[in-house]
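> The residues making up each chain are set out below.
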Amino acid sequence: MIPQEISDVLKATFGDAVLESRIDGVLDPFVKVAPGPVKDVALFLRDNEQMLFDVLMCLSGVDYTGGRLGVVYHLHSMKRNHKLVVKTEVTVDDPHVASVESVWKTANWHEREAFDLYGIVFDGHPDLRRILMPYDWQGHPLRKDYKVPEFYNGMKVPY
Amino acid sequence: MDATMTQPTSVAGFGRALKTEEMVISMGPQHPSTHGVLRLELVVDGEVVVDVIPHLGYLHRCFEKHCEHMTNYQQVIPYADRLDYVAAMSSELGYVIAIEKMLKIKVPERVEYIRVIMAEFSRIVSHLIAIGTYGMDIGAFTPFLYCMRDRERVLDIFEQTCGARLLYNYMWVGGLSHDVQPNFVGKVKDFCSYFRPTIKELNDLLSYNKIFVRRTANVGVLPAEVALNYAVSGPVLRGSGVKWDLRKNDPYSVYDRFDFEIPVGEGKMGTVGDCWDRYMVRIHEMEQSVKIIEQAVEKLPAGDVQSAVPKRIRPDAGDVYVRTETPKGELGYYVIADGSASPFRVKVKSPCFVNLSALPAMTRGAMVADVVAILGSIDIVLGEVDR
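Those protein sequence lines, which keep their order, are chains L and E.
Counting in this note's numbering, the first sequence runs from 1 upward without gaps.
Counting in this note's numbering, the second sequence runs from 1 upward without gaps.
With the rest of the complex left out, here is chain L (with noise of 0.2 angstroms):
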């Protein structure tokens, strides 16, 4: 299928949970989904005969400022052979997005990276733990406005 026509089945699904499809003008045609349907967007993505979305190939956090943080979802179809960016945002006071780990497997550590970097909270996600910082850290570095602490347990940080 191509993008336009994903894009039009998504919106007569899901009525108002579709916010918003660019399909000229970018490199990757995008659906921006609101963060709570997300998790049945995604089902419906995977399991629908049409669509077929087998493989999440990449999970992003994103802190676009200004308060506003993403999620985008990177999908492809082995057996249909297409792809389809999903957005989702939230702001920093309420980074609640419903997880996809039970649609795919793959989302989970992505998901911990996000949560980690960007603290971004995966709803439903079942072990929701920072991955690659340490586990006592304070704070998500990848956030725009972060400051590097000048203590870490006690510890002065070098620089």
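It cannot be assumed that every hint is accurate.
With a Cα cut of at most 25 angstroms, we get these calculated SDA-like pairs of lysine to any residue [stated by the list, open to error]:
no., chain 1, residue 1, chain 2, residue 2
1, L, Lys32, E, Val320
2, L, Lys144, E, Ser340
3, L, Lys87, L, Tyr152
4, E, Lys248, L, Asp28
5, L, Lys147, L, Thr91
6, L, Lys83, L, Val9
7, E, Lys200, E, Tyr252
8, E, Lys65, L, Asp28
9, E, Lys189, E, Val154
10, L, Lys144, E, Gln74
11, L, Lys144, L, Lys105
12, E, Lys248, L, Thr65
13, L, Lys144, E, Glu294
14, E, Lys189, E, Glu294
15, L, Lys83, E, Asp316
16, L, Lys144, E, Arg149
17, L, Lys105, E, Thr271
18, E, Lys104, L, Ser21
19, L, Lys105, L, Asp123
20, L, Lys79, E, Tyr252
To give an idea of the chain L side of the interface with chain E (calculated C-beta under 7 angstroms), a few residues [unchecked claim]:
no., residue
21, Ile2
22, Asp28
23, Gln50
24, Lys105
25, Trp109
Keep in mind the hints are simulated off the structure, nothing from the lab.
Glycine included, every Cβ here is placed at the ideal spot set by N, Cα and C.
With chain L fixed as given, assemble chain E onto it according to the hints.
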């Protein structure tokens, strides 16, 4: 006698004769088979592994944060080298393709061909290390020396071309840092004719060695549907019998012009998707890489390798996701540009990171001694896992 002793409760592997407790063993972060610094928390019941919990981050170098603080896009390339440091050419290639796609640059033919040759050479180097160290993990020391000997020859070609043996900064956005030397084609042909028989030598030495087969066949089986759900890629995915290679299925650069096969695991020695299959896919891929290199040097066009290098790199605001087939699997770069001279966000989807996340699924129920065999068959490089 205590009544509970005569009424056994549970034990895996020994019928229902003994009572045991689960024990937690820490493997690493300095264990030699982790090929770097990785800690595995093994939950074992006697000799049987109940669960594995990997703890990463020991080699976290803030790659993604660094990228955002560069003064221009070009400066990221040396850092990309240090992701998968045994196949640095492949790591660079993905990044430069992503930026070229944003800038809509058409790269000269000669550059494309040299890039393909270099990427395939780095695949050979990476697989030689994977195979050599895998043998060593399992207890065969000699193949490692043979692999390192052949690897040196490739590194000599790299050194002659760009001056560096490991971390090259060779691929630039729109071109290459140096053209190849005049005797390059001859050297490459020499290598190809030298290397084909040594693959056979390696097969005699390791692949069909009885002890090696016993240690790897039927161990750590990863079924295809589980592999897809974990989105593993590269030899790990193909070892499970899925015929999927981005060079064929989603071609980038000029890969669509070459004739080569995609080797997949067939379960020749045991079950499809076991450690031996993953190992053997790497052996066959080296043969295919030699095939690609031979075709590429034969057709190598003339031209300038720096004619398309842009004076300043300032892509329009937007984002792009580019994936390439590196020796370890599908390496993805998700780059967001905001119109300034440095990237707004660079996310690396590392194949090792994703493949490692499938380790618990492969290891549950295996013996403790097999953990090393399974981990080695995934072929992780911690520089890429932790970034």
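> Please go over all the hints and tell whether each is borne out by the structure.
The hints, checked one at a time:
Between L:Lys32 and E:Val320, the direct Cα distance comes to roughly 16 angstroms. Compliance with the 25 angstroms bound is thereby established for this hinted pair. Distance check on the hinted pair: L:Lys144 and E:Ser340 sit about 15 angstroms apart at the alpha-carbon level, within 25 angstroms; holds. Between L:Lys87 and L:Tyr152, the direct Cα distance comes to roughly 34 angstroms. Violation of the 25 angstroms bound is thereby established for this hinted pair. This hinted pair checks out: E:Lys248 and L:Asp28 have alpha carbons roughly 21 angstroms apart, not beyond 25 angstroms.
Only pairs whose Cα atoms come within 25 angstroms are accepted, and L:Lys147 paired with L:Thr91 is accepted, the gap being roughly 19 angstroms. Only pairs whose Cα atoms come within 25 angstroms are accepted, and L:Lys83 paired with L:Val9 is accepted, the gap being roughly 15 angstroms. Distance restraint check for E:Lys200 and E:Tyr252: the Cα-Cα separation of roughly 30 angstroms exceeds the 25 angstroms cut-off, and the hinted pair is therefore not satisfied. Under the criterion of a C-alpha separation no larger than 25 angstroms, the hint pairing E:Lys65 with L:Asp28 is consistent with the structure, at around 23 angstroms.
Only pairs whose Cα atoms come within 25 angstroms are accepted, and E:Lys189 paired with E:Val154 is accepted, the gap being roughly 12 angstroms. In summary, the hint linking L:Lys144 to E:Gln74 is supported, as the alpha carbons are separated by about 21 angstroms, within the 25 angstroms threshold. Distance hint between L:Lys144 and L:Lys105 is unfulfilled; the C-alpha atoms sit about 29 angstroms from each other, more than 25 angstroms. This hinted pair does not check out: E:Lys248 and L:Thr65 have alpha carbons roughly 39 angstroms apart, beyond 25 angstroms.
The suggested pairing of L:Lys144 with E:Glu294 is violated, with an alpha-carbon distance near 47 angstroms, which exceeds 25 angstroms. Distance hint between E:Lys189 and E:Glu294 is fulfilled; the C-alpha atoms sit about 7 angstroms from each other, no more than 25 angstroms. A threshold of 25 angstroms between alpha carbons decides the hint, and for L:Lys83 with E:Asp316 the separation of about 23 angstroms falls inside it, so the pair holds. Under the criterion of a C-alpha separation no larger than 25 angstroms, the hint pairing L:Lys144 with E:Arg149 is inconsistent with the structure, at around 46 angstroms.
At most 25 angstroms may separate the alpha-carbon atoms for a hinted pair to count; L:Lys105 and E:Thr271 meet this at roughly 23 angstroms. The straight-line distance between the Cα atoms of E:Lys104 and L:Ser21 is roughly 23 angstroms, inside the 25 angstroms bound, and the hint therefore holds. With a C-alpha separation of about 15 angstroms, the suggested pair L:Lys105 and L:Asp123 falls inside the 25 angstroms cut-off, and the hint holds. A C-alpha spacing of about 20 angstroms is found between L:Lys79 and E:Tyr252, which places the hinted pair at or below 25 angstroms, so the restraint holds.
Using the Cβ-Cβ criterion of 7 angstroms, the hint placing L:Ile2 at the interface with chain E is not satisfied: the shortest such distance is roughly 16 angstroms. Interface restraint check for L:Asp28: the shortest CB-CB distance to chain E comes to about 6 angstroms, inside 7 angstroms, so the restraint holds. At about 18 angstroms, the closest approach between the beta carbon of L:Gln50 and any beta carbon in chain E exceeds 7 angstroms, and the interface hint on this residue is violated. Hint on L:Lys105 holds. Least Cβ distance to chain E is approximately 5 angstroms, under the 7 angstroms limit.
The closest approach between the C-beta of L:Trp109 and any C-beta of chain E is roughly 4 angstroms, which is under the 7 angstroms cut-off, so the hint is satisfied.
The structure does not agree with the numbered hints 3, 7, 11, 12, 13, 16, 21, 23 stated previously, though it agrees with the rest.
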